[in-house]
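A.B. asks: Each chain, written out:
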Amino acid sequence: MTRTARTGTVPDPVAGALAADRLGAPTVVYFVLSAAAPLTVVAGVVTTGYAVTGITGLPIAFLVVGAVLSVFAIGYVAMARHMANAGAFYTYVTRGLGRPAGIAAAWVALIAYNALQVGLYGALGAAAAPVLERWLGLAPAWWVISLVAWALVAVLGVMRVDVNGRLLAVLLTAEVAVILVFDLADLMNPAASGLSFAALSPSALFVPGVGALLVLATLGFVGFESSVVFSEESRAPRRTVPIATYASVAIVAVVYALSSWAMTVATGPDSIVATARRDQADTVFVLAEAHLGSVVVDIARVLFVTSVFAAMVSFHNTTARYFFALGRERVLPAVFGRTRARSGAPQAGSIAQSALGLVVIVVYAVLGLDPLVQLFFYGGSFGGFGVLLLVFVTSLAIIVFFAREPSGEALSRRVVAPVPAAIALAVMVWLALDNFATLLGVPEGDPLAWVLPVVYGVAALLGVVWALVLRSGQPAVYAAVGMGAKAATAQDTA
Amino acid sequence: MLADDFFLVSWDTTGTGKPRLHVQGIALGLAGALLGELVLHRRIVVRGVRLHMSDSRPVKESVADRALADLGNSPHHTDVRTWLAYLAQRSLEEVSGRLLTAGLLERESRRLLKRQKFRFFATDFSHAVWPATRLRLALGQCRPLSPQDMALATLVDACDLTDTVLDDPDNRRASRDYLTTLLATMPQPLRDLSRQVHAAVGDSVLTYRT
Chain C
1 MTRTARTGTV PDPVAGALAA DRLGAPTVVY FVLSAAAPLT VVAGVVTTGY
51 AVTGITGLPI AFLVVGAVLS VFAIGYVAMA RHMANAGAFY TYVTRGLGRP
101 AGIAAAWVAL IAYNALQVGL YGALGAAAAP VLERWLGLAP AWWVISLVAW
151 ALVAVLGVMR VDVNGRLLAV LLTAEVAVIL VFDLADLMNP AASGLSFAAL
201 SPSALFVPGV GALLVLATLG FVGFESSVVF SEESRAPRRT VPIATYASVA
251 IVAVVYALSS WAMTVATGPD SIVATARRDQ ADTVFVLAEA HLGSVVVDIA
301 RVLFVTSVFA AMVSFHNTTA RYFFALGRER VLPAVFGRTR ARSGAPQAGS
351 IAQSALGLVV IVVYAVLGLD PLVQLFFYGG SFGGFGVLLL VFVTSLAIIV
401 FFAREPSGEA LSRRVVAPVP AAIALAVMVW LALDNFATLL GVPEGDPLAW
451 VLPVVYGVAA LLGVVWALVL RSGQPAVYAA VGMGAKAATA QDTA
Chain P
1 MLADDFFLVS WDTTGTGKPR LHVQGIALGL AGALLGELVL HRRIVVRGVR
51 LHMSDSRPVK ESVADRALAD LGNSPHHTDV RTWLAYLAQR SLEEVSGRLL
101 TAGLLERESR RLLKRQKFRF FATDFSHAVW PATRLRLALG QCRPLSPQDM
151 ALATLVDACD LTDTVLDDPD NRRASRDYLT TLLATMPQPL RDLSRQVHAA
201 VGDSVLTYRT
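Protein chains in written order, with this note's numbering: chain C, 1 to 494; chain P, 1 to 210.
Just chain C, with the same shape it has in the complex (with noise of 0.2 Å):
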């Protein structure tokens, strides 16, 4: 703090006392891995994952995307330093390639957010199901679980009640520690084939249907970019901003790889598909009663619940602050830039958040689909294909930034690493489309496969046309596109 507190040699008290509550690396990277709900992805996505796409690259997928992403993050971290406005994925996009992109990227993250948070009603189900059962004796439908959450995560919401930030760290650290017993006693014991390396090999990743495991992988490092919002926060945000945006992606391809292959390992990689089809989000815990007490595999499922409710309010806490800067902007109504006087919570956003979700439970819970695969898997992995979208286009802005604005950065900032990580993101970007099938698990051809890609590029369509419709209807709302809550600076409030 004293480093920070003194410009040159007299000490500044305006900047030392601003300084004082500054956030240091190690707490912005709990910030962004909380959102990340680590048990969820695991126990959740990962084996859904193997079941449904029916291939075992998952491992080494997640580290390719995560050494990809560190790439991103470099030119990424740099743009920040520069943006009056360092938030979402659409600001960037704004100010590299114009408002209309802006715009229209800002509907794409609102989409995929959106399902995203609305996916992890369908995961509840899952999760908690056993619980009940073996403790309460219950076992309801998946949707009153889901509605019980729905309800609590509506009034948390619009009460402005995060989940608090130390009890995150606690579910956290615990969710980390549970998934590494687990990853050493599948690694222990593994299947009578041995322990096989085959999941962690770069050939794993040259089969059909590659790209559904770039955007599963892509699914889990979901919130590393929102280590960029602290940077007005954070204690020296030159380094700290980048270091804990580096860390979180390793932690996160680290620890994703790890556990993925663990589960390999335990079953044999032949057999980890027809387990995973068989056992389904149980497959973590089963593998895992196999060696381990079951005290341990009875926090652990505990755990599995908290992880999904946590990610269900962080997830719909996120779509409601996107909501919120674009109702600030104008691009949005008014109403969703206001905020609740009593909690300070931006209440439309939320409102139509919570909105949102209760329709896709009763539509699911009438249809009669599975919460599971149709509305966890599906739902994640159209959100995860929407953020690999966002990511791709925002490295593409942050090259054309730099270029026409070199803002004194080293060229390894500006060039030498934003470029290799666009071409990676473009052929990831290219290769889930082709393989959006594999997936969904849907036959090649199935509409489904093309349906949910096209929703986003009419988004951004009527997004881009929305900003032409903005620009020769309501230039200060235009000119103010991409500056969030720092749009009242620059148009009339009120």
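Mixed in with the good hints, there may be bad ones.
[Claimed, not checked] Label pairs and their calculated CB-CB ranges:
| # | chain 1 | residue 1 | chain 2 | residue 2 | range |
| --- | --- | --- | --- | --- | --- |
| 1 | C | 20 | P | 101 | 19 to 29 Å |
| 2 | P | 65 | C | 412 | 19 to 29 Å |
| 3 | P | 117 | C | 173 | 41 to 51 Å |
| 4 | C | 131 | P | 76 | 56 to 66 Å |
| 5 | P | 208 | C | 24 | 13 to 23 Å |
| 6 | P | 62 | C | 302 | 51 to 61 Å |
[To be verified] Computed, partial: chain P to chain C, Cβ under 7 Å:
| # | residue |
| --- | --- |
| 7 | 186 |
| 8 | 198 |
| 9 | 203 |
| 10 | 206 |
Just so you know, these hints were derived from the structure itself, not from any lab. Beta carbons are placed, not taken as given, at the ideal position from N, Cα and C, and that holds for glycine.
Based on the hints, put chain P in the right spot on chain C.
C.D. replies: Below, chain P alone, put in the same frame as chain C:
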């Protein structure tokens, strides 16, 4: 004083004794009001995102003079947002302290799970409800406002408290429209200041954490 008025609008001192606005919003609104007092006293000038001191003579009120002294001691900080964040750290304590000293408030404190919570009750009912009533009447009847009340109205709006003041939903739309008109005619330093408060409150929503 402007900050006293903002406090009385944002805190339910004649009923529950609890805040009407979330604590972060009150702190930022009061910080904006403290700067607003200095603008109204022609001690500082706000232009765009920056401010500078134009007159260092004390205004002979301890809270305002302390803020003025801090501004004078750190002239290299010219960012309005920096000063809002800095003053927000103590604005609630200082402004409520000013009202307590004047005998206009009474404080009740209670500990709730290690966190101290305050309730404030007005000693003089009509004095406590006057700022909000003044705004409600003026905005409802489209009457001109004094510069101080204009500043108050825009700060209240910047913190999303307008609907609390305009408690009759039928009149809200017309009153809001009038508020927009007012904002356009407001002296530029006060307008820029309230925009900065509005942006600071918005950013606090986007980076909220517990």
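A.B. asks: Each hint: holds or not?
C.D. replies: Quick rundown of the hints versus the structure:
no., hint, result
1, 20(C) to 101(P): 19 to 29 Å, "27 Å, holds"
2, 65(P) to 412(C): 19 to 29 Å, "51 Å, violated"
3, 117(P) to 173(C): 41 to 51 Å, "30 Å, violated"
4, 131(C) to 76(P): 56 to 66 Å, "58 Å, holds"
5, 208(P) to 24(C): 13 to 23 Å, "19 Å, holds"
6, 62(P) to 302(C): 51 to 61 Å, "54 Å, holds"
7, 186, "10 Å, violated"
8, 198, "4 Å, holds"
9, 203, "5 Å, holds"
10, 206, "5 Å, holds"
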